[in-house]
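Chemist: Sequence:
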Amino acid sequence: MAEPSEPLGLTVHSLPQPGAALVRQRASGRFKMLMVLAVCTAPVLASYFMYYVARPSGSVAYSALIQPTVAMPALVARTLDGQPQPLRGLAGQWLLVAVDSGACAPACEKRLYLQRQLREMTGKERDRIDKLWLVIDDAPVSPALREALMATPGMNILRLPREQAAAWLKPAPGHALEDHLYIVDPVGEWMMRAPADADPSKLKRDVDRLLRGSAGWDQPGRQVLIEASPASPPAASATPAKP
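All residue numbers for the sequence shown refer to our numbering, where the first residue is 22 and numbers rise by one.
Read the hints as simulated data drawn from the structure, not as lab findings.
Note that this is a predicted model, so its numbers are computed, not measured.
Incorrect hints may appear among the rest.
To be verified - Mimicking BS3-like on lysine-lysine, the simulated pairs with C-alpha atoms at most 30 Å apart in a straight line are:
(1) 145 with 53
(2) 145 with 223
(3) 191 with 131
(4) 191 with 225
(5) 225 with 131
(6) 131 with 223
(7) 131 with 145
(8) 223 with 191
The task is simple: from the sequences and hints, build the whole structure.
Modeler: Shown next, in the form of structure tokens:
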């Protein structure tokens, strides 16, 4: 047998590194995890985009926003006992304001009930809200109604002539002054008007938004207000007024 003219050569290929497969598996796992995370968060991100970026024009509030707001006038109202009460003494709290005759027909009683329910439905935030009934004539309020109203927390009943109330608060076109609840902020600005015959649940959502939006600066209890000067906007102190 003839001898090979050249010696046999051996080629040694590099062995696979033991960590390479593990690296590939980890990369694949991360990719899958990111895909699952993207699928799960997409609806949340889309909702934020639609609300903050692609939000349709117009108000999302059920009630009518008053722009510009209207400052509470420096008027002196009277209690049912005839004692003078500066209207601005009620500033420093959110106010749910009803306006009606002292005779208070069934529609009036319904609004006063809605006023009370709205405050109670806000739960732990209720102490940031007061109720005000502006009686715009000299008709007597029945003792039973007065007693029932004043037994509820945060209730104020003041007489203010119709023309003075109408110079501050305005109804929607085609409605009377008495048809609405009016919302006044703690600085004393009328800033929202509820629809006539308002849906309580929808109106509560408006009130909840207002309370959440003001949580950083409005505290429970009436605040002492600093009267605005021509050079500065109105501001609210964090010191509650003494009861």
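Chemist: Take the hints in turn and mark each one as holding or not.
Modeler: Results of checking the hints against the structure:
no.	hint	result
1	145 with 53	44 Å, violated
2	145 with 223	19 Å, holds
3	191 with 131	20 Å, holds
4	191 with 225	21 Å, holds
5	225 with 131	16 Å, holds
6	131 with 223	16 Å, holds
7	131 with 145	24 Å, holds
8	223 with 191	21 Å, holds
When each numbered hint is compared with the structure, a violation occurs for hint 1 only.
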